[in-house]
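Protein chains in written order, with UniProt numbering: chain W, 1 to 511; chain Y, 1 to 276.
The hints are simulated quantities; they were obtained by calculation from the structure and are not laboratory data. Some hints here could point you the wrong way.
[Claimed, not checked] Where chain W lies over chain Y, by a calculated footprint (3+ residues, C-beta under 8 Å):
id	segment
1	92-105
2	162-171
[Claimed, not checked] Non-contacting residues of chain Y with respect to chain W, defined by C-beta distances greater than 12 Å in every case (computed):
id	residue
3	T121
4	T150
5	A174
6	D193
7	P246
8	V272
Here the structure is a predicted model, which is why all the values come from computation and not from measurement. Don't be surprised by glycine CBs; every beta carbon is placed ideally from N, CA and C.
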Amino acid sequence: MLRMPRRRLLTLGGAALIGTLPAPRIADPFTLGVASGDPLPDGVLLWTRLAPEPLHPAGGLPPVGYPVEWQVSEDERFTRVIREGTATAFPAYGHSVHVDVRGLRPGRQYYYRFRSQGHLSPVGRTRTAPAKAAAPRSLRFAVASCQAYTDGYYDAWRHLAAEELDVVFFLGDYIYEGAINSVGGNRMDSTLGLPDTFELETDTLDLYRMRYALYRTDPDLQAAHAALPWILTWDDHEVQDNYANDASRFTTVPAKDFLVRRANAYRAYWENQPLRWPRQPAGPDMSLYRRFRFGDLAHAYVLDTRQYRGDQACGDNLRAGCDDRDDPPRTLLGVQQRDWLLDRIGRSPARWNILAQQIMMAECRYGGTAGRLDMDKWDGYAADRRRILETAAHTPGTVVISGDIHNNYAADLRVDFARPETAAVAVELVGTSITSGGDGSDTTAQLDTQRTYNPHLRLANGQRGYVRCELGRDTMRADYRVMSEVTRRGGTISTRASFVSERVRPGLVTA
Amino acid sequence: MIRLAALLLTVPSGLTVPGGLTVPGGPTVPGGLAATSGPASTGGLTVEPGTLPIMTGQCNGRDLTVRLTNDGTEPIYADAALAAPVALHLPRSVISSWLPPGYTTSVPVAVSAATGTGPGTYHVQVTSGKRVVDVPVEVTAPPADAGLTTLASRVTASSARATGPACAAIDGRADTMWNDTTGKRWPDWWQLDWPTSHQVGSVAVTTTAEWGLRDWDVLVAVAGGWATVASVRGNVAVSRVSRFAPRRTGAVRIVTLAGNAVNDQSRLVEVVVGDR
Chain W
1 MLRMPRRRLL TLGGAALIGT LPAPRIADPF TLGVASGDPL PDGVLLWTRL APEPLHPAGG
61 LPPVGYPVEW QVSEDERFTR VIREGTATAF PAYGHSVHVD VRGLRPGRQY YYRFRSQGHL
121 SPVGRTRTAP AKAAAPRSLR FAVASCQAYT DGYYDAWRHL AAEELDVVFF LGDYIYEGAI
181 NSVGGNRMDS TLGLPDTFEL ETDTLDLYRM RYALYRTDPD LQAAHAALPW ILTWDDHEVQ
241 DNYANDASRF TTVPAKDFLV RRANAYRAYW ENQPLRWPRQ PAGPDMSLYR RFRFGDLAHA
301 YVLDTRQYRG DQACGDNLRA GCDDRDDPPR TLLGVQQRDW LLDRIGRSPA RWNILAQQIM
361 MAECRYGGTA GRLDMDKWDG YAADRRRILE TAAHTPGTVV ISGDIHNNYA ADLRVDFARP
421 ETAAVAVELV GTSITSGGDG SDTTAQLDTQ RTYNPHLRLA NGQRGYVRCE LGRDTMRADY
481 RVMSEVTRRG GTISTRASFV SERVRPGLVT A
Chain Y
1 MIRLAALLLT VPSGLTVPGG LTVPGGPTVP GGLAATSGPA STGGLTVEPG TLPIMTGQCN
61 GRDLTVRLTN DGTEPIYADA ALAAPVALHL PRSVISSWLP PGYTTSVPVA VSAATGTGPG
121 TYHVQVTSGK RVVDVPVEVT APPADAGLTT LASRVTASSA RATGPACAAI DGRADTMWND
181 TTGKRWPDWW QLDWPTSHQV GSVAVTTTAE WGLRDWDVLV AVAGGWATVA SVRGNVAVSR
241 VSRFAPRRTG AVRIVTLAGN AVNDQSRLVE VVVGDR
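This is chain Y alone, in the form it adopts within the complex (with noise of 0.2 Å):
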């Protein structure tokens, strides 16, 4: 009853007795496919974009986005192996699903580059079955008059959801923040690295209009440790500036210690931080 399908590893649902399952053998796939500017593509699998322009930092990366489609009148289980080489980052080698007749699943899949990559075309190859898609890669550094948010090589933070990353806080976007997991247990941090230092004299924090931050530091790393340079206290505005004596740091970290309302949970839309 097992069948290799034409697209997909797949197995149909629903088996009382398994049996065995062969498939050619591991994510080995050809090299010197030719790339195509737009989505790439092959039978059931899809990949989007054609190529990718990222910037090194760990926050600088974008998504490919992997479609895989049932073609088929059946329901079957379809995998994706995805490979890459250690120049580049993806959170994970492998897409599983189930996909009922005629059903195209859409799965993001980040892809970034650490700061001090060097600058070239990688490759991101998307195996399901025996069909393969490349997506060229191309990474820079970030250019030199960039924002110091760009410039960061790593963002961390105390926890963070599923849906509320880290790198959701210098996103530019206004409908995605940066989310603590731990809901009434204060304090959480948030924390942007530096490879060098740079001079850091403000930090302006968005939040919510509905249950955002209230009370929260600012620090910077100094020498052995952390300095505090601003303190929020009371705040119930959206965006709030904090301005301090410029001064060379590595790190920028914020420390939230209260919300409004609720006081559940970190809720950090865009932190900007300026020289000045």
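The following block holds chain W by itself, in its conformation from the complex (with noise of 0.2 Å):
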């Protein structure tokens, strides 16, 4: 246990560390839950943020720095504490707190908690990547993104966190940045009773503060974040819908103005989520693409496909006869970025390599005959895939994860769709929403004519949830784990399709 007594941070060697004021008594500051992060064999990021009244604005606190102690221990009772100190929550940084924990032994679960001001964190449980040498037999992670809270409840969350898993990939739109409403839209909660302040899109760092914080508050969510390490990437609308780089989708909107709007955005995006202090932006550039390494079993390249792309092609949308979109300097990772990737991946060591991006690789056809592609998607950046694939295809065992498009694929990679008798390079699993869409369906006329249409598509489904996937040593499985319902409290979740790939035959089989 802590021995600190309660009252001594409020002594005067706490004060001045922190300014020149006392922190004032507050009620419990730790409503928005804790998370773990961007495991390392050595280490790990925990995180939390203080917010008596989370809603509010500054989260119901002054502008002045509250020391947070935090822990970690080998056992869940805290018996075996092995690392603790303190850190300072920060107005500056919303109060958040980021703390990259070393000394850890590889491979190993750990648990985590926080206390300031005399109150005392929910535990967290975290655990290590395996040692850089280690030969582990399994990697099991799951997928997730797109969480609209209007949409539904999170209870893909709560199912998701009872799950043997090593590490969850949150691949994008963490956030939306639309209205909401008293209610929280189809949630319908009117025990919610939010502040107009919620009605205002965001663009502010106040704003997407507060939007970081109500996301936050939900119980489920907060359950998978204190359950398991998450390696988070952003999509589109944590900062505005399908911008690309500094163009906002409003084409009236000057660079200069959508830029200080992205370094808000950004800026909210790193104090809520479990990363290291060295990726805080600067002003509206934010360095989040990374490599994990869990043994020789795998390696994982998180992706940003957000902050370098070239602006859509052919203005966006989905579009049929784009030629700009073949067009070879047209980029969707940036050049630096995505020589980064290639390198890597090409002399890459480990037996699987996962490509954790937002969108989707594989060529998706819309309109039966019509052939239309979305121009937001890697459709609308051939060259770029292109490139990948066919270092994926000299590079055994490549896996692509992928969000953002609110229904579950499976697909077969080629370096050429239009030749479905040519191998399969590689494999991706497109995950759905974890509510984005509301409800959704096992099928709709669209994904039936997509499936006809798009020959190594194996599986199309819009319902939601999340995939859960092991990498052995030479298979891969992937189980569609998919909800009942989301609108309603208590949707109940099963295996919608399994899939195994070889790694050094990649190419989709059901299970």
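If you follow the hints, you should be able to join the two separate chains into one complex; please do so.
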């Protein structure tokens, strides 16, 4: 147990640490839960944010810093505490706390908690990555994305928290920027009573901070964060729907104005996610692409397909006959990130290489014979996709995981999708949304048509949920977990489809 | 490395190790500041207009525009706090933004006063660092001969986009509209309430030329519920007037049932309620 007396934090020493004003007593500040992320063999990032009044612009705190004690233990009862310390929750960072714990043992489960102003946080569970030289038998992870608060309840997160997993990959659209009414949209929760501040579209830092706070008050989301480490990347809605680099979705907005909004959004994103200090943005720029190693079994490349991309071709949306999408200089990743990725996976020693990113990589034709392609997806950046898939053709064990589209898809990836007789070079698991899009349905006429006109798609499903995946030494298995409903509490989960793929001979086969 | 800029509460971007930030206590502001008729300005904080006349009613408010400027040579994060008496409603009390050097951000803040608020002058105070701008807000009741929509105390909807609030359907502007958020899910509804009952005999709906409303019902509040007084089906026109036997009621609701073309959203550009 923590031995520091509760009141000691208010002594001169504590106050001197954080500034000239003594920190007043506050109500329970751990209303937003705890989280861990970006696991390394020797450490993990621990996160929390103090907010006794979570829906208040400043979380109900005055503009002073608060000391926050933290502990990491080998057991849930904290009888074997192996690391502890004190961080400071600064108002300039929305009273968030990011603790980069090091000195842990690889491939081990740990428990952590925080304490501030006499209040103890919920206990979180996390796990370090295996040692660099280890040869793990398996890696178990989930693929999740797109959790529009207004579209339903987060029971999927509650089910995910009960799974036996090593890590969650969250692939974007953690928040949505649009209006939320007093009852939380389709949640229709009359007990919420949200202030009309939430009806404003997020564009300034205070509004983005409040939006994250609202999302993080959800108990099921908190449970999922507390259950295991997350590795996150963003998509568009963390800033604005379908933005591209410095281009707003509205062409009337100058880049210099949009970059101010992007800076506010990126800052709030960093404050509210378990990301290390060096990741924090410098104005509108934030480096989020990175690599994680899970022994010799898997390397995960977490990508950013929003910040560096060229503007969508042919005016965005679904287009047929858009030659610009094939323009060789057109890039989704930006030259620097793309070359980094190609270099790393081209000489990767890992048995599996996971490309954790936002948008569907497989070609996906809409409208049957009309053959429309989505200019916001990899289909709008064909040259970059070809470069990656050509590299994957020489790199056994490439698995692309994706989100964004609010459908489950399972796809074989080919260098040339027009030649279905050629061998697949990789597989893609497109995970559906946690809530975005509402209850959904097993299939729709559009999904049926897509299956017909995109023969490389092995599954097209329109329910909510996530993908549970296990990488073995030679085989991958993916279970598509789908929710019965999300617009009412208590939705149940089941496995809609399962696939396996061999490392050296990629191609999804029904399990 | 943490510093207080002369202008605003600031923290330079790109810090690798944060320090403490201490600011003068809270949003306490001095009173009795002189109002100006033009833009109210102090240093890099500007608020327009200098005085704000509004009528009571949820949708009869007006915007203040708060401008924060970074006059320095380094990027900053700037904060402004907005304070107002309970008689006034502001949807936000804080504005925080990153500002590159030389940049001014302009943030509209809607100021309204509920129906029944006593006429008089109230004050919104905007504080940024040590700078304070006081904006007198002159509140009056709508004139007795105001239109029925102006007399509304409350306007609500089943859902609304940030860019298409419920009030946009009675703002007299052709370039704004109420827009629901539940794509391809019907019905939706939009509702106007009065503090007392009024005679109502017509409801004129303006929708959009493209993807406009096709089917809707007009309802009026009755004891214990609603009564449908008009139905529109198969509409393809931009504007459509529903007339019905005049009756007294405290609220009108439009239940939207379908749209044209993609049939995705409710688009209500303007509603005019007439007494006959």
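Results of checking the hints against the structure:
1. 92-105: Answer holds; 11 residues pass the 8 Å Cβ test.
2. 162-171: holds (count 3)
3. T121: Non-interface label stands for T121 of chain Y: nearest chain W Cβ at 24 Å, farther than 12 Å.
4. T150: holds (21 Å)
5. A174: Nearest chain W Cβ is 18 Å from A174 of chain Y, so the label holds.
6. D193: Holds: least Cβ distance 15 Å, greater than 12 Å.
7. P246: For P246 of chain Y, whose nearest Cβ neighbour in chain W is about 32 Å away, the distance exceeds 12 Å, so it holds.
8. V272: Since the minimum Cβ distance to chain W is about 24 Å, V272 of chain Y lies beyond 12 Å and the statement holds.
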